[in-house]
Amino acid sequence: MLNIVLVEPEIPQNTGNIARTCACVGAKLHLIEPMGFRLTERNLKRAGCDYWDDVEIVHWPSVEAFLSEHSKDEIWLFTGSTDKLYTDVDFGEETFLLFGRESRGIDQDILDRYSDRCLRIPMRQGLRSLNLSNAVAIGAYEFVRQLGL
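If you count the sequence shown from 1, position 52 lands on 66 in the working numbering, and the numbers rise without skipping.
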């Protein structure tokens with residue numbers, strides 16, 4: 015089972031696109047508060063089109079609540095501040111892929127705490143990051159490639 019975890023997402027269209035990806039691969043979507051929008055926003059619904067009923071969504075009050083509940087689970091954090099590529103690991107059957115905010119990513123203290131669980135998507139030097147929904151799709155489809163649907 016693939017779990018996509020969004021820490022304090024800020025842009026509703028990204029979350030809508032990510033929900034659509036989750037529906038297509040059968041992933042559960044975890045949304046960690048505070049979010050920069052409400053789930054009732056029109057842009058969010060439009061981006062997810064008619065896929066919302068096909069996605070299981072779990073809400074978390076904080077990143078610490080999520081991490082505490084899943085402390086023994088296989089969690090991988092996507093960040094640009096590591097050398098380990100997302101293709102360098104073998105995902106388990108129950109995997110959590112954690113992605114940070116669009117504006118500033120995952121907090122440094124969490125990256126430090128899980129430094130052996132940090133992964134990056136390669137890109138040209140000097141560029142900051144991919145769009146969040148693109149990064150999630152890359153991670154999700156690597157899970158699918160490794161383990162199948």
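What the hints contain is simulated information worked out from the structure, not anything from laboratory work. Glycine included, C-beta positions come from ideal geometry on N, C-alpha and C. A hint or two may mislead.
As the list claims (entries may be wrong) - Computed beta-carbon distance windows for the label pairs:
hint : residue 1 : residue 2 : range
1    : Met15     : Phe51     : 25 to 31 Å
2    : Asp97     : Asn148    : 17 to 23 Å
3    : Ile152    : Met15     : 15 to 21 Å
4    : Val72     : Val158    : 27 to 33 Å
5    : Gly140    : Leu53     : 32 to 38 Å
6    : Thr96     : Leu53     : 27 to 33 Å
7    : Met137    : Asp68     : 28 to 34 Å
8    : Gly106    : Glu78     : 31 to 37 Å
9    : Leu53     : Gln139    : 35 to 41 Å
_Quick check: does the Cβ-Cβ distance between Met15 and Phe51 fall within 25 to 31 Å?_
holds (27 Å)
Go ahead and decide if the range 27 to 33 Å is satisfied by the Cβ distance of Thr96 to Leu53.
Check passed, 31 Å falls within 27 to 33 Å.
(message) Given a hint of 32 to 38 Å, does the C-beta separation of Gly140 and Leu53 actually sit inside it?
(response) holds (36 Å)
Taking 35 to 41 Å as the hint, is the beta-carbon distance of Leu53 and Gln139 inside that range?
holds (37 Å)
| Quick one: are Gly106 and Glu78 within 31 to 37 Å, going by C-beta? | violated (23 Å)
| task | Evaluate the given range 28 to 34 Å for the C-beta pair formed by Met137 and Asp68. | result | 31 Å Cβ-Cβ, so the 28 to 34 Å window holds.
### Cβ separation of Asp97 and Asn148, checked against the hinted range 17 to 23 Å
holds (21 Å)
*Is 27 to 33 Å right for how far apart the beta carbons of Val72 and Val158 are?*
Violated, since Val72 and Val158 (Cβ atoms, about 20 Å apart) do not stay within the stated range.
Next on the checklist: Holds or violated: the 15 to 21 Å window for the beta-carbon distance between Ile152 and Met15?
Outcome noted: holds (19 Å)
In terms of the numbered hints stated before, the structure departs from hints 4 and 8, listed from lowest to highest.
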